[in-house]
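Each chain is listed here by its residues.
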Amino acid sequence: MGDNDFREARAKNAEKLLDVRNLEIQFKTKNGYISAVEGLNFSVHRSELLAMVGESGCGKSVTSLAVMGLIEHPGRVRADRMELAGVDMTRSSPEEIRRLRGAQMSMIFQDPLTSLNPLFTAGHQISEQFLTHVPGCGRGEAKRRSIEMIRKTGIPRPEAVYDSYPHELSGGMRQRIMIAIAMCCNPVLLIADEPTTALDVTIQAQILHLMRELVVEYETSILFITHDLGVVAEMADRVVVMYAGQIVEEADVLTLFHKPAHPYTKGLLHSTIKVQDAGSRLEPIPGAVPSLRQLPSGCRFHPRCAYADDECRRRRPELVEVGLNHYSRCLLFPRRENVA
Amino acid sequence: MFRYLLRRIIQMVPVLFIITIIVFFFVNASGDPTSMLLPPNATLEDRDAMREALGLNKPLYVQYGIFITNAVRGDFGRSFRYKVPALTIVKEKIPASIELAGASLLLSIAVGITMGVLSAMAKDTPFDLIANGFSALGRAMPNFWLGIMLILLFGVTWRILPVSGRGGWRHIILPCIALSIQNASRIIPLVRSSMLEIMHQDYIRTAKSKGIRNSVVIFKHAFKNALVPVVTITALQIPTLIGGSLVTETVFAWPGLGQLIIQSVNGHDMSVVQACVIIIALITMSANLIADIVYCLIDPRIRY
Amino acid sequence: MNMEEKKAIQTVKRERSVVYDIPCLLIRSPSGMLGFIIVAAAVFVALFADVLVPYSPDAINLVAMTRPPAWSNGGSSANLLGTDVLGRDILARILVGSRISLLVGVFSVAAAGFIGTIFGIVAGYYGSWVETVIMRVTDAFHAIPLTLFGMVVLAVVGPGMITMIVVIGITTWPFYARMIRSEVLSLKNQEYVKAARTLGTSSVMTMLRHILPNVMPSFIVVSTLSVANSILAEATLSFLGLGIQPPLVTWGIMLADGRNYIATSWWISTFPGIALSTTVLGIMLLGNWLRDVLDPRNQGLG
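So the protein lines, in turn, are chains A, B and C. Once you know that position 297 of the first sequence is 297 in the working numbering, the rest is easy, because the numbers rise by one and skip nothing. Once you know that position 285 of the second sequence is 1285 in the working numbering, the rest is easy, because the numbers rise by one and skip nothing. Once you know that position 9 of the third sequence is 2009 in the working numbering, the rest is easy, because the numbers rise by one and skip nothing.
Some hints here could point you the wrong way.
To give an idea of the chain A side of the interface with chain B (calculated C-beta under 10 Å), a few residues [claimed, not checked]:
1) Glu72
2) Pro94
3) Glu95
4) Arg98
5) Gly102
6) Gln104
7) Asp111
8) Pro118
9) His133
10) Met178
11) Val216
12) Pro303
Pairs of lysine-lysine, DSS-like flavour, derived with a Cα cap of 27 Å [as the list claims (entries may be wrong)]:
13) Lys1058/B / Lys1083/B
14) Lys1123/B / Lys30/A
15) Lys143/A / Lys1091/B
By construction, these hints were calculated from the structure, which means they are not laboratory data. Backbone N, C-alpha and C define an ideal beta-carbon position, used for all residues, glycine too.
Only chain A is shown next, with the shape it has when bound in the complex:
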């Protein structure tokens, strides 16, 4: 059985850990509500790393915050279903969702410099998790387990780091602390919102390596949000490509890189530097992400699409299956053959 077949088989049989149906996120502005994300369906399978890719402003970060239940006024979230490990969060009270946060699902953020509270020690911020989510866990035990957690993230001298304040730690160390906080209650889902963007390249690789190790150890699924296709290729099992608040393509990582179906995905791939074709020109996608206040008619990508015709300007494309577990939202390339 080839690697490809294996991946496909696994994808087909995989159990859905997080299942989001028809998610809509709106923000209140002077001129009423505008949708940052609409009609979003996606799922993360058990022990899977799903990458969510797109330019800034495409709605990937708000999606992750919506899953965590962290969208607040002036935003609002609607969904038919948002199920985590069998619990439908759309039917849960805010208090129930709060109990899930940090325990069942946790999140790490882009900027480790500002994501840790500057006035509390790293150790305090980790042990707070044990004290909040582990019933009957005392301070001594929380400290012991926190130090153990720091050690697991590969930080030398964890006892010293336990008593350090965030400003005394380097960026990479702080992101390791964030990971320790996120992983310490053994969550089933970890959401990582551009966790390496703010870090040096060498540190990036270490952090990614660490995440992969921990995921294997804890069997955690990851929703990985990034705009870096290099990281996607290295880390992801499956990829969801977002554009202007919609999913435009969804596929397993090999299919996406070898047989992209949507012109936007192709554009993204072409605008990424690859070592093997250094010397060939980068082709940036012309134009910019449309403003959510003034979305284009028809296909949202058509003003920037090289293949767009009249129909693209008029009709809104649906997300259609173009191959096994491969979906694309494009009128022109509904089938794989057209792209090859």
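Once you've looked at the hints, dock chains B and C against the given chain A.
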């Protein structure tokens, strides 16, 4: 932290020195104290003898030199009025003043912080509006007038609280309220804007993503950060608070430094006035130093 | 075009648009509007007090001693807000009293701004020990409460309006000095980049020209709020009997007069206090509104 505080204390020395110069200059550069000390029918010889005795015929800088060397030893001269060392009288009045100013500081911080946090959490609700209105009014009302109005209400109309002097705990209620409202009103918008700003910080989002109870996020993670600017600015308000307490003391006949200064100023008892000003400056600076220590304790990033 | 010029032009543009937008911006902010109305009313009253008052504020009328306000028992429509112990009309005295409050408020702030600007520029410009000394002096002034300093100086020098203005000016200049100094420092570094090392009088003028447009917004805001504080300080010192002296009329003096009769004639000390608080409130609201409008961070939101 200790090195930082040591540096702050060393910095206080020249400032205190400058204060003594300012005070000395304004008290001695103008006016002839002998004309106030001697009866109007005193002869010129009497006058010269007095000048000689007081050292007033020496050049000003020599007088200052004598003044400062004595002051360092705790000798601010004798009170003309009470015929005892000035410092002795001042010392007698300090506890009452500290009691009132301290109680008022605590009350205004407690009220200011509570209302500030609540109005930040209830942004744009009627409560927020009321808190803002209270704060604007509180800053606009001079505390001596507020004191008079409190006397009118609680002392004259309802007759439920004593309006003058120092005695049991009931005596401090009115002056303390009169003195606190302005300070609390300054703290409210400060805490409010500080809290609102901090609730948007990344680490608050982190705290929420950790599933910590909302009250803990607000009162632990956000509040501690919001305190940092509040401590700084409250410390800057301390001179205003002490200045206000001088007036409030006279309104409520509170036997503290305020009353002493007014009496001494009116009676031209200048050595007492000098001593008072310098002691008050010292108290102000010590209060600022305490604020610095609190600041260090709250924010670990300050410890250089 | 160099950086400063660009910055200056931006500032000017911003101010021009602000001036242009003032009516619109005021209407959008109820508290700003309220402040504006109160201040306008106070200025109007101060300017036309002579025409507005029915009686001379000093006219002693022993027949009408301690008359309560018109609406209460024993009041007379001749004295709307009642009379004091000498039968002087409270309303007339309040209207006339607005003059000294505003005069002292505005001029003491002008004095403080003037002194502070000079010392701020000198400190930022010369640096080294000059700066250290000036900054320590500002620290020293900061450690002495305004009221206390005013009490001492007025007691020594003797009370009077000019003295009062000077005293308040002397105690509040450090705020301006610090503000101007930090602006000079940031500007001086830019000047260095341009290698303009020849420092003479003309470059002091250059700096003034560059600094003033930059600090103008914060200067206006700080000054407005200082006027409110100066008015309070004036009232306090006059209340203590150390500031303005009778026969001049100020709200502080009226409050001091009324205080002794609080048990019998509440109106004597109530109404001047309301006038004082309202005026100060108006100025503060206007100042806060200006701060919101002039703060570059708020641009585009208004």
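Straight-line Cα separation of Lys1123/B and Lys30/A no greater than 27 Å? holds, 18 Å
For the restraint on His133/A, tell me whether the closest CB of chain B is nearer than 10 Å. holds, 7 Å
Using Cβ atoms only, decide whether Pro303/A comes closer than 10 Å to chain B, and label the hint accordingly. violated, 33 Å
Hint consistency between Lys143/A and Lys1091/B [alpha-carbon to alpha-carbon, up to 27 Å]: Violated: Lys143/A and Lys1091/B sit about 50 Å apart, past 27 Å.
Does Gln104/A pass the interface hint, meaning its C-beta sits closer than 10 Å to a C-beta of chain B? Holds: closest Cβ of chain B sits about 9 Å from Gln104/A, inside 10 Å.
Keeping to a limit of 27 Å between CA atoms, is the pair of Lys1058/B and Lys1083/B held or broken? holds, 23 Å
With a cut-off of 10 Å, does the beta carbon of Arg98/A approach a beta carbon of chain B closely enough for the hint to hold? Constraint on Arg98/A satisfied, holds at 5 Å.
Take the shortest C-beta to C-beta distance between Pro94/A and chain B; is it under 10 Å? Holds, because the Cβ-Cβ distance from Pro94/A to chain B comes to roughly 8 Å (cut-off 10 Å).
Under 10 Å, Cβ to Cβ, is where Glu72/A needs to be relative to chain B, so tell me if that hint holds or is violated. At about 9 Å, which falls below the 10 Å cut-off, the nearest Cβ of chain B leaves the hint on Glu72/A intact, so it holds.
Does the closest beta carbon of chain B sit nearer than 10 Å to the beta carbon of Pro118/A? holds, 6 Å
Hint validation: Met178/A versus chain B, beta carbon distance must be below 10 Å. Holds or violated? holds, 7 Å
When the nearest CB of chain B is found for Val216/A, is that gap smaller than 10 Å? violated, 23 Å
In the structure shown, a violation is registered for the earlier hints numbered 11, 12, 15, in ascending order.
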